[in-house]
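Could you put the whole structure together from the sequences, leaning on the hints where they help?
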Amino acid sequence: MTLDKIEVNITHKHFSVREIMEDGRYHRRTIMCNADVSSEVQEIQDKAEEVWTDEVKSAWAKFQEEQQAEMEAE
Amino acid sequence: MSGIIGSSGSKSGVIGQTELDYEEGTWTPTFNDFTNVGTVSGRVCNYVRIGNIVNYWIDVWQTNNNMSWTTAARIDSVPTFHGQITSFHSAYNGIVYISSGVQALHCKGYTQGGYIYLTEAHSTVRHLWINGSYALAI
Chain S
1 MTLDKIEVNI
11 THKHFSVREI
21 MEDGRYHRRT
31 IMCNADVSSE
41 VQEIQDKAEE
51 VWTDEVKSAW
61 AKFQEEQQAE
71 MEAE
Chain R
1 MSGIIGSSGS
11 KSGVIGQTEL
21 DYEEGTWTPT
31 FNDFTNVGTV
41 SGRVCNYVRI
51 GNIVNYWIDV
61 WQTNNNMSWT
71 TAARIDSVPT
81 FHGQITSFHS
91 AYNGIVYISS
101 GVQALHCKGY
111 TQGGYIYLTE
121 AHSTVRHLWI
131 NGSYALAI
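These protein sequences, in sequence, are chains S and R. Going by the working numbering, the residue at position 56 of the first sequence is 56; the numbering climbs one at a time, nothing skipped. Going by the working numbering, the residue at position 6 of the second sequence is 6; the numbering climbs one at a time, nothing skipped.
Treat the hints with caution; some may be incorrect.
A few chain S residues that face chain R, going by a derived Cβ cut-off under 7 Å, partial list only [said to hold, decoys possible]:
no., residue
1, 7
2, 9
3, 13
4, 14
5, 16
6, 25
7, 26
8, 27
9, 29
10, 30
11, 71
The hints are simulated quantities; they were obtained by calculation from the structure and are not laboratory data. Keep in mind that this is a model prediction, so the values were computed, not measured. Glycine included, each C-beta is placed from N, C-alpha and C at the ideal position.
This is how it looks when you write it as structure tokens:
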């Protein structure tokens with residue numbers, strides 16, 4: 001699979017990665033902003049370094065805690 | 001009104017004077033709080049985006065009828081696109097095939113976060129199917 005493009009989601013800065021498979025079809029995966037990207041290609045690692053600040057990661061952690069609490073309350 | 005949708009993976013779409021974004025492909029869900037999660041290899045985990053609407057499918061199969069998950073287990077890596085997702089809690093439909101037959105699956109999505117919660121625990125699951133959709137503000 002070949003990296004085609006990285007889109008940064010507005011809300012939590014997740015990466016929507018579009019890749020091209022050997023048969024020419026698109027493949028997408030979402031990499032969340034707290035993910036370990038050490039095994040990703042350099043372009044993704046560089047983008048993570050640039051975009052995923054401590055503030056972004058903290059906001060994502062807080063959002064997840066809120067959603068988890070909401071789930072447990074329902 | 002006319003419509004032209006190009007070949008797989010292309011970006012095309014002309015309806016009248018408006019060009020729509022069109023994209024289709026596959027995606028790879030990731031599973032949290034699942035045990036003996038089945039395979040998605042060779043199954044149907046696809047997505048289609050038409051304009052600002054994204055539809056996607058999950059199809060997971062376990063050969064030994066022993067897939068299980070806890071309450072509030074999560075399926076991550078829902079295909080997302082650049083843009084604000086307007087649907088905070090989005091629509092999902094799901095069913096499971098367990099040893100006693102087919103049951104409806106209760107699930108709830110937070111597509112803003114790119115994941116789905118399964119609101120009930122299940123065990124002895126052989127097959128899990130979910131389809132969902134959400135809207136992007138472009």
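Where does the structure disagree with the numbered hints, that is, which hint numbers, in rising order?
-> 3
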